Amino acid sequence: MPDATVTPAPAITKPAKISVNRPQYSARLSAAILLAPALGLCAVFIFIPAILAIAGSFFTFGITSRAWEPAGVSNYARILADPIFWTALRNNLIIVVGSVVFQVGIGTILAAILDRGLPRASTVFRTIIFAPMVVSAVAVALIWQVILDPNVGALNAIIKSVGLTPPQLGWLGDPTISIWVVLMIACWQYTGFMMVLILAGLQGIPKELYEAASLDGARGLKAFRHITLPSIRNVLIVAMLITTIGGFKVFDLIYATTQGGPANATQVLGTYIYLQAFNLGNMGYANAISVVLLTIAVMLGWLQLKSSRRA
Amino acid sequence: MKGYSTKGRTGPLTRHVIGAAFGLAVALGVGIPQVANAQEDVTIRMWALTNPNYPEFIAQAAEAFKTTHPNVTIDFQETPNEAYKTAIQVALVGSDPPDVFFNWAGEDSVRLVRDGLVLDISDLAKKPGQFGTALAQSWLDTFSVDGRIYGAPTDAVTKYFYYDNAFFTENKLSVPKTFNELLGLCTAIRAIDPDIVPIPLGNSERWKMNHYITILNERVMGNDVLRADYSLKAPDDQLFTNAGYVAAWGKVLELQKAGCFQDAPNATSPEVSRTMFSSQISPMIFCGSWCMSIFDGEGYTDYSLFRFPPVDGGASDGDSNMVVPQGLQVAAATKHPTEAVEWISFLTSPEQSAKFAEMRGALPSDPSMLSGLQNATAQFKWVAADMASLAVQYNVIDVEVEASVANAYLDAGVEILNGTMTPEQAMASIRTAALAAKAKMK
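Protein sequence lines correspond, in order, to chains Y and G.
All residue numbers for the first sequence refer to the working numbering, where the first residue is 226 and numbers rise by one.
All residue numbers for the second sequence refer to the working numbering, where the first residue is 25 and numbers rise by one.
Quick caveat, the hints were computed from the structure, so don't treat them as lab data.
On a predicted model such as this, the values are computed, not experimentally measured, just so you know.
Careful, some of the hints might be misleading.
[What the hints assert, rightly or not] Quick list of the computed label-pair ranges, beta carbon to beta carbon:
#1 Y:W293 to G:A212: 56 to 62 Å
#2 G:E106 to Y:M409: 21 to 27 Å
#3 G:T92 to Y:I258: 52 to 58 Å
#4 Y:G330 to G:D120: 35 to 41 Å
#5 Y:L259 to G:K151: 57 to 63 Å
#6 G:D120 to Y:A280: 21 to 27 Å
#7 Y:T520 to G:S453: 49 to 55 Å
#8 Y:S439 to G:E106: 54 to 60 Å
#9 Y:A382 to G:S119: 51 to 57 Å
#10 G:T92 to Y:I276: 32 to 38 Å
#11 G:E106 to Y:A280: 25 to 31 Å
[Unchecked claim] No farther apart than 25 Å at their CA atoms in a straight line, the calculated lysine-lysine pairs in the BS3-like style are these:
#12 G:K464 to G:K109
#13 G:K109 to Y:K474
#14 G:K151 to G:K464
#15 G:K281 to Y:K385
#16 G:K109 to G:K196
#17 G:K150 to G:K359
Where is the CB? At the ideal position from N, CA and C, for every residue including glycine.
Extracted from the complex, chain Y is given alone in its bound form:
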C-alpha cells in the first residue's frame, strides 16, 4: 500500500469572513446611530411619560403635592362610576363617528368633483377648501365664537333676518346642541385635509379604466361606485383611521371653544384629563383616564398598522 500523500487542507482564513460581515455590521451601527436621536426623543417624550402615567394611575396625588399615596385600582374603579367620564367618552365617539361620516364623506365628494367634475379653477377651489386646515385650532375657535355669539354674532343675525329663531341658550350654550356645533366646526376645519388626501388617491387611478368602463356604459355615479371607490379603498381606510385617532385625541378645539361646557356637555377625554389634573388637582385620577385613552389610541394604531400592511 503506497504511502498516502496527505495534502493539508486549505486554511480557512478569518479575514475572508470579516470581509463578508463588515458591511452588515457597519450598516447596523449606522442605523443605530441614525435612529438614536429619534428613539431618544420618543423615550423622553412618549415612553417614559407613558410609563409614569401608568404608574401614577395607581396613586393619589396632586400636581403640587410631593407625596404619592398608593391607591390600588381605586382610580380605575372611580372611572366606572364617574358619569362625566362616560359623557366625555360618548362625546369622543360622537366626534369620531361624525368626523368619519362628514369629513371623509364630504371630503370624498369634494375630491371627486375637483378630480373629474370641475374643468376649470380646481386649484383655486382646492386651496380655498384646504385653507382652514392651516389655521390653528385656537384661531378657528375664536373665529367661530364670534360668528356664533348670541348677541353680536353673524349667524344669529342671518337666521333672524330670514324670520327664523336661533336657539335660545345660544349655539355653544345649549347642552343639547353644543357638541354637534363643535363637531361642525371640526368638520369645517379638517374636511379640506381629507379632500386633499383622497384627491391624491383619485389622481392615481388610470384614466384607461374610466375609458374602458365608459365603453361598457358605466359613467357618472356608476363609474364612481364601481371604479373610483374600490380603487381608493386603501386611501379611505387611512383617512378614516386618521380621523378616528384625531377624534379621540381632540383637545385644543374643544378647550378653546367651550372648555368642555356648558356643564360638561362638550367634555371629551382630553379636556376632562386636563380638568382633573390641573383644575381639580387629581393627578392620579387624570393618569388613570389617560391610560384608558392611551389604550384606545394604541388599539387604533395597531388597527391602522394592520390595515396598511394588508393594503
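For this one, chain Y is given, so just place chain G on it according to the hints.
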C-alpha cells in the same frame, strides 16, 4: 408669555463707579467677602398675570429698584389668566421655578403652602423697611397661614354695578337700594325697550355667575354662616344645608325672570358682555374693579358705580362686599430669598403703590398716598373710598373653597342659568362634592 428684563441696563457710569469701589475695597484689603457678596449679580425671575399696563409698571419699578440694588435684575414674564393657573403649578414643582410669582389669597395660596412650594418669609418680611412692618395687619393676614407670612398682598379687586349716567338721567332711573329695587330697575329698562339687555352676563367661562352667587350667599345668610361651610369645618349633617343657599340661587332665577340678563349668558364671553356696556348697548353691568381701567382705556368714562344692594329680609345689611386680595409669593426653591422679599417690599411701598394705582387703576394694599394721586378718575376715587368703608369683606367662592367644591359651584351656576337644574338640585350636587372633599381631607 411676554417678558421684560432689565438685564444689561446698568449704565456705563454706574459700572465704572461700582468697579472703582470694588477696586478700592480690594486695595484696602478690608471687607472683601462682604463687598464681593454685595456685588454678586442676582436675577429675580417674576411671573404674573397678563393685565393692562402691568409690564410698564414693573419696568419702571425695576429701574427704580436698581438705584438701591444695582446688582439685581428683574426678569418679568406675564401669562394670560387660564394658562397662568396651570403654568405656575407646573413651574413650582419643576427644577427652575420663578423666584417671585403672582397668586390669589385664599385656597390657591394656602394649598401651595401645604405642599411646601412657598417660602415662609415671616422673618425677612418683618425686617425694618420691609412690607411686614409697613402694611396693615388685616392685609398681612390675607397671605398668612398659622401666623406665618407667605406672601405680600399687593392689591385687591372687588365687584360693583356700573351704570350709564346718560341713560339713567334720560330715563329718570335711580340707583336701587334693595334687591327688589334692582329687579324693578331691570323691569323698567325692559319697559323702555324690550331689546335692551339691562345687565349683560358673560358666563361662558363660568366665573361671572360665581361672583353673583358669592355675594348673594352673603346677602341672604351673612358672612358668619358661610365660614364653616366654605372651610368644610361644619359637621357632615349640616354642611351646605342652610336653606339660605337654595334661596340665594332663587335670587339668581329672580334676576333672570325680571329680564336682567340676556337669553344666552352661558354662550356669551365676559369680553362681549363688557363691550355691550362700554359701547352703550346695555346700560348696566356687574363688573370687577379692574373693569374701570378697561372702560377708561376704551374711551368710555360716563359711568358711575353702586354696590350690590342688600336682599330684602336677608341677614346682611349690605355694608359688605366681595374683596379678592392678590399678591406676590416667593418660591420655596428660590436661591435669592432676601432680594426677592426686598423686591416685593419695594413693589408694595407707598410710592410704588401710588404708581400701581395710577398705572393699573387698581387698589393697592398701601393706600396711604392715594389721596395725592393727580390722574385718578372720579370713579377710582369713589371705589377706593367705598372699599375703605366696608364693614365686612369676604373672598370669592372659587378661591375660598376646595377645588372640587368650587367646580361644583361653577357648574351649578351654568345649569341654573340654563334651567337644567333647580336650586335644590344645585345644592345637592354641591353638598355631595363638599362631603367627598371633606372625607378626602380626613
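Taking the hints in turn, this is what the structure says about them:
no.: 1; hint: Y:W293 to G:A212: 56 to 62 Å; result: holds, 59 Å
no.: 2; hint: G:E106 to Y:M409: 21 to 27 Å; result: holds, 24 Å
no.: 3; hint: G:T92 to Y:I258: 52 to 58 Å; result: holds, 55 Å
no.: 4; hint: Y:G330 to G:D120: 35 to 41 Å; result: violated, 49 Å
no.: 5; hint: Y:L259 to G:K151: 57 to 63 Å; result: holds, 59 Å
no.: 6; hint: G:D120 to Y:A280: 21 to 27 Å; result: holds, 24 Å
no.: 7; hint: Y:T520 to G:S453: 49 to 55 Å; result: violated, 30 Å
no.: 8; hint: Y:S439 to G:E106: 54 to 60 Å; result: holds, 58 Å
no.: 9; hint: Y:A382 to G:S119: 51 to 57 Å; result: holds, 52 Å
no.: 10; hint: G:T92 to Y:I276: 32 to 38 Å; result: violated, 50 Å
no.: 11; hint: G:E106 to Y:A280: 25 to 31 Å; result: holds, 29 Å
no.: 12; hint: G:K464 to G:K109; result: holds, 23 Å
no.: 13; hint: G:K109 to Y:K474; result: holds, 23 Å
no.: 14; hint: G:K151 to G:K464; result: violated, 39 Å
no.: 15; hint: G:K281 to Y:K385; result: holds, 23 Å
no.: 16; hint: G:K109 to G:K196; result: violated, 44 Å
no.: 17; hint: G:K150 to G:K359; result: holds, 20 Å
Of the numbered hints listed earlier, those contradicted by the structure are 4, 7, 10, 14 and 16.
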